[in-house]
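Protein chains: 4
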Amino acid sequence: MAKQVPKLNLAMIGSGFMGRAHSNAFHQAGRFFDIPYELRLRIVCGRKPETVEDFARRWGWEEVQTDWQSVVTRKDVDVVDIGVPNHLHAAIAIEAAKAGKIVLCEKPLAMNLPEAKRMAEAARKVPTLVWFNYRRVPAIALAKQLVDEGKIGKPYHYRATYLQSWGGDPERAGVWRFRKADAGSGVMGDLLSHSLDLALLLNGKIAEVSSLLETFVPNREVDDAVVLLARFANGSIGSFEATRFATGCRNRNAFEIHGSQGAIRFNLEDLNRLEVFERSDATEVQGSHNVLVTGPGHPYVGRFWPPGHIVGYEHTFIATLADFLECLARQGTFHANFDDAVEVHQVLEAVENSARSKSWRNVSTTADRTSSVA
Amino acid sequence: MAKQVPKLNLAMIGSGFMGRAHSNAFHQAGRFFDIPYELRLRIVCGRKPETVEDFARRWGWEEVQTDWQSVVTRKDVDVVDIGVPNHLHAAIAIEAAKAGKIVLCEKPLAMNLPEAKRMAEAARKVPTLVWFNYRRVPAIALAKQLVDEGKIGKPYHYRATYLQSWGGDPERAGVWRFRKADAGSGVMGDLLSHSLDLALLLNGKIAEVSSLLETFVPNREVDDAVVLLARFANGSIGSFEATRFATGCRNRNAFEIHGSQGAIRFNLEDLNRLEVFERSDATEVQGSHNVLVTGPGHPYVGRFWPPGHIVGYEHTFIATLADFLECLARQGTFHANFDDAVEVHQVLEAVENSARSKSWRNVSTTADRTSSVA
Amino acid sequence: MAKQVPKLNLAMIGSGFMGRAHSNAFHQAGRFFDIPYELRLRIVCGRKPETVEDFARRWGWEEVQTDWQSVVTRKDVDVVDIGVPNHLHAAIAIEAAKAGKIVLCEKPLAMNLPEAKRMAEAARKVPTLVWFNYRRVPAIALAKQLVDEGKIGKPYHYRATYLQSWGGDPERAGVWRFRKADAGSGVMGDLLSHSLDLALLLNGKIAEVSSLLETFVPNREVDDAVVLLARFANGSIGSFEATRFATGCRNRNAFEIHGSQGAIRFNLEDLNRLEVFERSDATEVQGSHNVLVTGPGHPYVGRFWPPGHIVGYEHTFIATLADFLECLARQGTFHANFDDAVEVHQVLEAVENSARSKSWRNVSTTADRTSSVA
Amino acid sequence: MAKQVPKLNLAMIGSGFMGRAHSNAFHQAGRFFDIPYELRLRIVCGRKPETVEDFARRWGWEEVQTDWQSVVTRKDVDVVDIGVPNHLHAAIAIEAAKAGKIVLCEKPLAMNLPEAKRMAEAARKVPTLVWFNYRRVPAIALAKQLVDEGKIGKPYHYRATYLQSWGGDPERAGVWRFRKADAGSGVMGDLLSHSLDLALLLNGKIAEVSSLLETFVPNREVDDAVVLLARFANGSIGSFEATRFATGCRNRNAFEIHGSQGAIRFNLEDLNRLEVFERSDATEVQGSHNVLVTGPGHPYVGRFWPPGHIVGYEHTFIATLADFLECLARQGTFHANFDDAVEVHQVLEAVENSARSKSWRNVSTTADRTSSVA
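Residue numbers (the numbering used here), protein chains in the order written: chain A, 45 to 418; chain B, 45 to 418; chain C, 45 to 418; chain D, 45 to 418.
No lab work stands behind these hints: they were computed from the structure.
Hints may be right or wrong, so weigh each one.
Same chains, same names: a pair is fine if it fits in one copy or spans any two.
With a straight-line Cα cutoff of 27 Å, these simulated DSSO-like cross-link-like pairs (lysine-lysine) come out [said to hold, decoys possible]:
#	residue 1	residue 2
1	Lys-249	Lys-402
2	Lys-224	Lys-198
3	Lys-402	Lys-198
4	Lys-188	Lys-224
5	Lys-249	Lys-169
6	Lys-169	Lys-142
7	Lys-249	Lys-161
8	Lys-51	Lys-142
9	Lys-51	Lys-169
10	Lys-249	Lys-119
11	Lys-224	Lys-402
12	Lys-119	Lys-142
13	Lys-161	Lys-402
14	Lys-142	Lys-161
15	Lys-249	Lys-188
16	Lys-169	Lys-119
Keep in mind it's a predicted model, so treat the numbers as computed, not measured.
Throw the hints in and build the complete structure from the sequences for me.
Quick look at the structure:
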C-alpha cells in the first residue's frame, strides 16, 4: 500500500525555455525519485493568454493566469517558481516570500547584488531554491564527492569556461537577454553565474578578482564576453571565461581543477563524462580516467537508467527538484538557495567593479550578509 | 483553441526496465512533439501484483492487471505494448493482433525466425512497431539522412560493435536474459539485433554471413558473444560484434561506414555526437567533423532543447513513439515494424546457422515473406 | 673514456620509403640508445644510379651499388638490410644468409608461406630481424608489459583494424603494391601482417580463421580489403580488418583487448597514447586511463625526450634496431625474427585459403616448421 | 650530380636537454630538407669535461671545449648556438654577435626586457634565431596559414594554456630553473614565453595585460604559475595560463582561437592534430574537423613521412633549423629572431609589472625598439 504523501501546489511564473525545463522536472521528479510530496501543477502564469494556454495544455498545468500578482498570494499555492526575465525576479520573489510561499527562482537570482540581498532578506523565513541546475549533473556531483573525499588534495588551479556562439546571430538579436533593463547583464548573469556557482561549490570562496568585460556588437547594452582572474580563499588560483562569441562551441560549460593529489575535468557538452586523474595510480598507467558517470557508484544515476545509458540536460532539473523536495520534507537546508546566489552576486559585483575600474577587487564577504541578518 | 484529438487507450504488458522506458515515452511524447492523439495509460499488466501496483502509481497507469490474456482483448484498449521476456512476445502479439489491436513490441521480436514470421503474418492487418529505438537517436537519424543524400557515396565498409561488460557479473547471473527458454539467445537477440537493424537501415540488405558464437561462462545456455563477417547486397563488406564481455565498455553500440565520398562514426555512449568525414572538404582541413547533433538543422532536436543542450537514452523512445503516432494518423507505414524485425531475424538465423555449421550462409530473402503473404 | 665498441658494416638493398626509415634508424639508434656497436653505413643498393646517389648523399651511405648480388656477399658487409618490393625479399635474404650475413628484412617477409619457410630455413644460423616495427611503439611495448603482468587477466576479445584510404587514389594506381607479381598480396601482406604480428605478440597463437577478401577496383590484381574472424589458442575470440578503402583514415592501425581484469586500446595515429582500463580501480572512478606513454615508467621513452614530449613514426624503427643490436651483442634471440614472420605467414595462408574456400581454416602450427628443421 | 653547397661551422654552448634537441636537428635537417649548407658540428662546449666528451661522441661533435669565451670568437666557427641556462644567454650572444657570428639562442632570450634589448641591439647585423620551435609544429604552421587566409575571420577570443606538473617533484627541486639568478623567472620565461610567441604570431600584438603570479612552494625564488588577461591590438581578448602545478598534464601547450568565421584548437601533447571549425560548412555537419596534420596539403610534412605517419617533438627543431638555413641562403629575415623575442619580453615585463602592481599594464610598443635602432 502506498503511503500518503502531502500535496504541494505549484504556481509557475513564466512559460518560455525555462518554463519547459521546470514543468518537465515537476512531472518527472516523482517518476525517477521517491519524492515525499505529490506535486500538483496548479497555475502557470504568462503574459500572452494564447501562448500560455497552449503551454498549459502541453505541460499539464491546471489553470492559466496572466497576472503574477494575483497568483503569488493565492491560498491554493504553496510554491512559486520563477522563470521570467531577470528584472522581474525580485518583485515576484519578494511578494511570494512575504506571502509565505516556498520560492524557486531561475538564475541569476537578481539584477545586481543589492537586489539579491533584498531578496534573500525577504525570503529568510521560507525555503528557497535557485536553479543552479548544473550542481546536479551526476558527473559534477561526483566531482564534488571526490573533492570532499580529498581525492584532489590541496587545490592549485581552477579553470572554467562557459562558451557559447550565438552572440552574433542576427535572428536572435532582439531577445531580452541583450536588453540591459531586462537582463541586467549579458554573459555575466547568464553564463558566468553558473560557472561561479560551481566554483564556489567545488573550490570554496573567491577572495579577489581582476576582470575584463567586452561587448563585440556595436550599441549592444550588455557584455558579450567576460574573462577574469581569481584568487580563492583556499590559496588556489583560477580563471573564468564566459562568452557568446566562441565560434564552434554551443554550450561548453567546462571546468578543470588541479590539486596536489589529482585533477578533474568536465564539459557540459559531454555531461555524462568526468575525467579524473589520480596521482595514486601506478606510475605507468597514470592518465585521466574517462569515467562514464552512469553508475554504478555514481550520484543520482541509479535513479535514471542502467549503467551506460546516458542522461541529458533535463535530468539536471529533475535531480535538483528531487533533492529540494527531500530537503523540504526533513526541514534541511537546500543548496543552492537564495543565500548561495547572493554569494554568486558578490563575485559578479566584484567582477563588474574590477572591469570598470581596471583594478583588482575583493569579493565582499558573506559575513556582511550574515551580520545583517542578526 | 486546441483542436480535438482522438484518444488512444494503451495497455502495457511488462513493468521492468523497458516498462519504465515505454511509460516515460507515453508521457513525454506529447510534451515534446505535437502528437495527433491523446494517450491514455489505461492498463499495465505484470505478474507480481504488488510490484505492478507500485509501478502503476509511479508511472501513472490507471489500472493494474496480472493476466495479459484478459487485457489484450479488452474493448477499452487500442494499443498493446509488449515489454516482457522474449518467449512471451509471440503469444501476446498474435493474440493482440487477432483482437485488432495496434501492437508495439520490444526487440528481439521473437525467439527465432519462424516465430517472427508467424507474428508478422498475424499482424498483417494492424499497425505495428518494434522498439528498435536507436533508429531515432538524432545522430543516427542524421546519419541516415546523410547516407540518403549520397554524402557517403558508394559504401565500402560497415563496421559495428555492441559492447557491454556485465556478462560475468555474479549479481546478474540469474537474470532471464541468460535462460534460453526465456530469451531464445544471448547477445544475438539482445544486442546484435540492434546493430543489424541499424545496418539494414543505413546500408541495406545483408547477402551472406560467416559467424562465430562464444559462451565464456561454463554451463550458460546462451551466447555471451558473437562476431561475424557480412557481405551486403550493395557490394560493401562488414563486420559485427556483440558481447557482454567487453570489459571497460558499458553500452558501446557503435558503427562506422566508409564510402567513396565520406565516412560516418557513431557511439551510443556519446549519443549526441556524430563524426562525419567529407572528401569534399578542402584537402588541408579534411578530418572528421565532430558534430554535436543538437541542432540547428538536425532531426528531432528542435523538439527537445536548444542547440548544445544534450538529450539522453530515453529520448530515443520518445521520438520513436512520436513518429509512430504521426504515421498512424496519416495511415502511413511506420518503420521499424514487424516486417522489419523479420528481416533482422533472417540475418540472426543465418548467423546462428553459420556459427553452428562453421560455414558461410546466405540470408533468406524477404521475397519469401512477401510471396507468402500473397 | 669511451669503451671500444665493435664495428658493424651495413648494406641496405632499397632506397625508397623504407630505405629512408631504416637509414634514419641506423643514424639515430646510437644517439638515443647506448648501442654496443659502431654502425657504418657502407653500401646502399638501388636500381637507378642517379636516384640512389642522391639518396646516399642525403642519408650518409659511403658507397652506391645497383646490383644486390654483388653486395650481399661482400666481405666488408656484416649486415644486409632488405627494403625492396616483396618479390625480391627471398632471393636476397637467402643469398645473404648463405654468405653468413646478419639479415634484416621488411615485412611481409615473403610472398607466401612456403617462401617464408625457405627463408627461415636458410637463415637458421644467422641473426635475423623482420621490421615489424610497431612492436616497439612505446605504447605497444607498455601494452605487452601490462598483458604479461596479468593486468588484463584472462583475455576474452581481441579486435584489430588497420585502416588506410589511398586505395582509390588515381595518382598511386601504378605503384608496385598493386601488382601481384611484385607484392604477392594487397593489404594482407602490407597491413594485416602488422596487425597479426601484434596479435601474436599480445594475445598468442591463432587457432583458426574465417575470412573475406575484397577487391573494390576492377581488374586490380590484389586484395583491397580483408576482414576475418579468429579463434585464439587462449580461448579468446577476435576480428581483424585491413583495408585501403577506409575513407577518412590515413593510418589507423588500432587494436583493443578486453580481459577479465582490464582492457587496452591503441591507435597508431595517436601513437603516444595507450588507453588502459583496470577493473581494480575504485568503482566510481573506473574508466579508461588516457596514458601519455612518454614516461616516467614507460618503455623506451627515457631514451628519447622528457615526459610529455612525444615521439613519432620513425622512433619505432630506432627502438627496434637498438633492441636488435643489444640482443646481438649478448647473443640473445631477437623478436620479431624470421621464425616470427613465418608464424604471421601461417595465419596469412589460412586467411587466404579461408577466403578462397569460404570456410574456416586451421592455422598450421609452428610445430610443423620446427619438425621440418630437425 | 650534387651541387656544391657552402659549409657552415657550428659551435654549440650547452650539452643538456636542449643540446640534445639542437644536435639532433643539426644532423637531421639535411636528411629531411634540401638545406643549402653543409653543416659541420665543430665544437660543443660544456662545463664538465667528461660529460661533454660523452655528449660529443654520442652526438657527433668534432671538438670539445669548456670555456665558451674561447669558442665564440674562433675563426672556424660561423654559427654559435646557445642552449645554456638563461643567465648566460646575453653574455654569450653579445660576444658572438660582436665577433660577427650567426647566433641561435634558446628561449627565453634574456633574463629581462632590457637585457633582451641589449642582445637584439648587439646582434642587429647578424642573422639570429630564437628557438621558439613550436612555430614549426606542422599543425601550428597550418593554423598560421588558416589565420592568414582569413579562415577564422575577425578574431574574438584567444585562449592559451601551458600546463606541466613537475613543479612539486622533490627529485627536481634542485634544478637551475628554480633559481632566480640562473633562470630569471619560473614559468614566465620557460613556458609562458612559448605561449606568447605563438599568440603574437597567430593573433598579433598584445596591448595590455592584467596578471597574477603565484609560487606554491615555500621559499622558491621563481613563479610556479602565472595567469593573465590580455587585450590584443586587433580587438580580441584573451587569457594565458602557465604552470608547473597542473597535476595530470605533462606538456599541455594548448591554444584556441575563436573568430567570426571559424575556430582553431591545438594541444602539443597531440601535436599532429589541429581542430578546425568552419562556419562555412553546411549547418548539419558543422563541427570541429579533427585534422591529422601529416599531409597532403600541410606544411613541412611532405618533408618527413607519408600521410598518417606522425612526427614528434624533435621535428619542430628540425623544421625550424631548415627554415632558418633557407632564409639565410637567400638573405631573408627569419622569424622568430631576436627582435621577435624582444616582443615576447615586452609582454613578459608587462606581465611581471602587472602582477607586482596588481594593475593593468600596457605592453611597451615595438616602436620603442625600432626608434632606438635608428
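Name the hints, by number, that the structure is in violation of. Per hint list: 4 and 10 violated.
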